[in-house]
Amino acid sequence: MDLQRMLGLWWTVPAGLALVGYACSLAGLTRPQRAVWATARVVEVHPPGHGESGEHGIPVTIVYQDPGTGREFTLRHENKRGDRVQVAWVGQEFPVRFPRRRPERFYLMLDSEGRTSGVGGPNCTVILLVLGLVVQSFFAWGWQWGLICVGGLLLLVVALSRDGEYARARAAQLAEGVTVQGRVVAVTRDIHSDGEGGESVSHACVVAFTTHEGVEVTALCTQGIRDIARSLGRDIPLRYAPADPSLLTADPDHERRERAWNIRFITTLLVTGTSAIGVGGYCLHHPWPFT
Numbered sequence: 001m002d003l004q005r006m007l008g009l010w011w012t013v014p015a016g017l018a019l020v021g022y023a024c025s026l027a028g029l030t031r032p033q034r035a036v037w038a039t040a041r042v043v044e045v046h047p048p049g050h051g052e053s054g055e056h057g058i059p060v061t062i063v064y065q066d067p068g069t070g071r072e073f074t075l076r077h078e079n080k081r082g083d084r085v086q087v088a089w090v091g092q093e094f095p096v097r098f099p100r101r102r103p104e105r106f107y108l109m110l111d112s113e114g115r116t117s118g119v120g121g122p123n124c125t126v127i128l129l130v131l132g133l134v135v136q137s138f139f140a141w142g143w144q145w146g147l148i149c150v151g152g153l154l155l156l157v158v159a160l161s162r163d164g165e166y167a168r169a170r171a172a173q174l175a176e177g178v179t180v181q182g183r184v185v186a187v188t189r190d191i192h193s194d195g196e197g198g199e200s201v202s203h204a205c206v207v208a209f210t211t212h213e214g215v216e217v218t219a220l221c222t223q224g225i226r227d228i229a230r231s232l233g234r235d236i237p238l239r240y241a242p243a244d245p246s247l248l249t250a251d252p253d254h255e256r257r258e259r260a261w262n263i264r265f266i267t268t269l270l271v272t273g274t275s276a277i278g279v280g281g282y283c284l285h286h287p288w289p290f291t
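Note that my numbering numbers the sequence shown so that position 88 is 88, with each residue one more than the last.
The set of hints was computed from the structure by calculation and includes no laboratory data.
Listed below are the simulated SDA-like cross-link pairs for lysine to any residue, each with C-alpha atoms no more than 25 Å apart in a straight line:
no., residue 1, residue 2
1, K80, D194
2, K80, D190
3, K80, L110
4, K80, E113
5, K80, S112
6, K80, R115
7, K80, A208
What follows is a set of in silico ranges between Cβ atoms, one per label pair, in the way DEER data are often shown:
no., residue 1, residue 2, range
8, S117, G198, 39 to 45 Å
9, E216, W37, 25 to 31 Å
10, S202, T179, 22 to 28 Å
11, E216, F265, 34 to 40 Å
12, E196, P237, 36 to 42 Å
Cβ atoms here follow ideal geometry from the backbone N, Cα and C, with glycine treated the same way.
Construct the complete structure from the given sequences, taking the supplied hints into account.
Written out as C-alpha cells, the structure is:
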C-alpha cells in the first residue's frame with residue numbers, strides 16, 4: 001500500500017477510537033459510569049474579596065455522604081475539581097462524583113444531564129471525524145460534493161443544537177421572575193497575558209442579594225453593570241427566577257439581545273447550509289459559469 005492510500009485511511013483512527021468509547025459506555029466502563037454519584041449541599045459560601053481573582057468562581061464548602069459507607073465529608077471547592085460556581089447560597093445542592101473508595105477526590109458538577117454516560121469523548125471524536133471527512137470530500141469527490149457535505153454538516157448542527165431551547169427556557173423562567181435590590185460587595189480583578197507579552201485586565205462584580213424567600217445569594221456578574229471596575233458598594237436591580245436563583249440577570253435587555261443573536265445565528269446556519277446544498281447539487285448537473 002502506497003503512502004497516499006495510507007493517508008486516505010486516516011479516518012480509521014478516530015472512527016476506531018469513537019467505537020471503543022461507545023463500546024465502553026455500553027459496557028458501563030467509562031470513568032463517569034464507574035464513579036460514585038452523590039448530592040452535595042453548600043454549607044458555607046466564601047465570596048472573593050475586593051481586588052482578588054474571580055477566575056475560580058465562588059469558593060464554597062460542601063457536605064456530602066458516601067453512599068457505600070455512609071460517611072459524611074465536608075470539603076471546600078475552589079474550581080480545582082469540576083465546574084466553576086458562579087452563583088451560590090447556603091443550602092444549594094449540586095451533583096458530585098468521585099472514584100470508588102476515594103470519596104475525598106470529588107468533582108463538583110453544576111448538573112449531571114448528559115454527563116453520566118461518559119460519551120463526551122467519543123462524541124468529540126465523531127465531530128472531528130465528520131469535519132475531516134467534509135474537508136476530504138472537496139479533494140476526493142470535487143468541490144460540488146464538498147459544498148453538499150458542508151451544507152449537510154451545517155444543517156446537522158442546527159438539528160442538534162440545544163442553544164435555542166436553553167435560551168427559550170431561560171427566558172420563560174426569567175419572565176416569571178421577581179426583581180430585588182442587590183449590592184456590589186466586591187470587584188474581582190484578573191490579569192491575562194497574550195502570546196506577544198501584552199496584558200489585559202478583566203473585572204467581575206461580586207453581588208449579594210436576598211430573595212423574597214429569605215435566601216442570601218452571592219453571584220459573580222460581568223454583564224449589565226456599567227463601569228464594573230468602580231462599582232463597589234453600588235446598589236443594582238437584579239431579576240431572578242424564584243424556582244432557581246442561579247438564573248438571574250442584571251440586564252434584561254442584554255438577555256433579549258442574546259436571544260436575538262442566537263436566533264440570527266441559527267437562521268444564518270440554516271440558510272447557509274440550504275444554499276450550499278442547493279448550489280452544490282445544481283453544479284453537479286450544470287456547468288459552473290466561472291470555470
